[in-house]
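Protein chains: 2
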Amino acid sequence: MSKLLSAIGILKQTFDEYAGTDGDKTTLSKKEIAAMLKKELPGAGGDKKEEVDEFFKMLDEDGDGVVNFNEYIIFVATLALLLTGGKV
Amino acid sequence: MSKLLSAIGILKQTFDEYAGTDGDKTTLSKKEIAAMLKKELPGAGGDKKEEVDEFFKMLDEDGDGVVNFNEYIIFVATLALLLTGGKV
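Chains A and B, in that order, give the protein sequences.
The numbering of the first sequence is our numbering, which starts it at 9 and goes up by one.
The numbering of the second sequence is our numbering, which starts it at 9 and goes up by one.
Please note that the accuracy of each hint is not assured.
A pair holds if it fits inside one copy or across any two, identical chains being indistinguishable in the list.
In silico DSS-like links for lysine-lysine, alpha-carbon gap of 25 Å or less [unchecked claim]:
1) Lys-56 <-> Lys-46
2) Lys-20 <-> Lys-46
3) Lys-11 <-> Lys-47
4) Lys-38 <-> Lys-20
5) Lys-11 <-> Lys-39
6) Lys-20 <-> Lys-47
7) Lys-57 <-> Lys-46
8) Lys-38 <-> Lys-11
9) Lys-65 <-> Lys-11
10) Lys-11 <-> Lys-57
11) Lys-38 <-> Lys-57
12) Lys-65 <-> Lys-39
13) Lys-20 <-> Lys-39
14) Lys-11 <-> Lys-56
Because the hints were derived from the structure by calculation, they are not lab data.
On a predicted model such as this, the values are computed, not experimentally measured, just so you know.
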């Protein structure tokens with residue numbers, strides 16, 4: 009498989025892993041976001057409630073109380089730009 | 009390394025590999041986009057000039073004749089949504 013497709017596959021697997029923990033398997037709850045932050049982005053504040061709340065509000069663009077795959081991909085794209093010095 | 013960060017790393021490596029082929033090492037020329045399409049997305053039309061032209065025009069959002077990392081990440085995010093049935 010191409011590198012591009014394998015990276016996209018990993019992004020989807022990662023989303024599914026955390027989204028599948030509780031409730032709706034196709035969206036990330038706040039609890040699932042906190043778990044993802046803690047494990048996938050150590051040091052990014054996954055253990056502080058205020059930071060998780062703020063982070064979650066930023067991701068949940070349509071304000072429906074969960075983060076869907078679209079919102080997750082926008083987050084990943086922004087993160088990629090932040091980490092590589094692209095314009096956000 | 010976390011799965012999320014490794015996927016982002018692969019996306020950056022893939023961009024750098026193709027962007028580094030000719031001219032400006034930080035942007036993708038049309039020739040580099042054609043090579044990326046052919047290898048990373050077999051069957052997506054990397055060998056037909058019209059399709060590469062159309063594809064390139066779609067990616068080159070600011071119309072400066074090259075695809076920078078921002079434009080590439082937007083493409084990857086759109087591709088991820090297309091491949092996983094998310095809303096584009």
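(message) Run through the hints listed earlier and report the numbers of any the structure violates, in increasing order.
(response) Of the numbered hints given earlier, the structure breaks none, since each of them holds.
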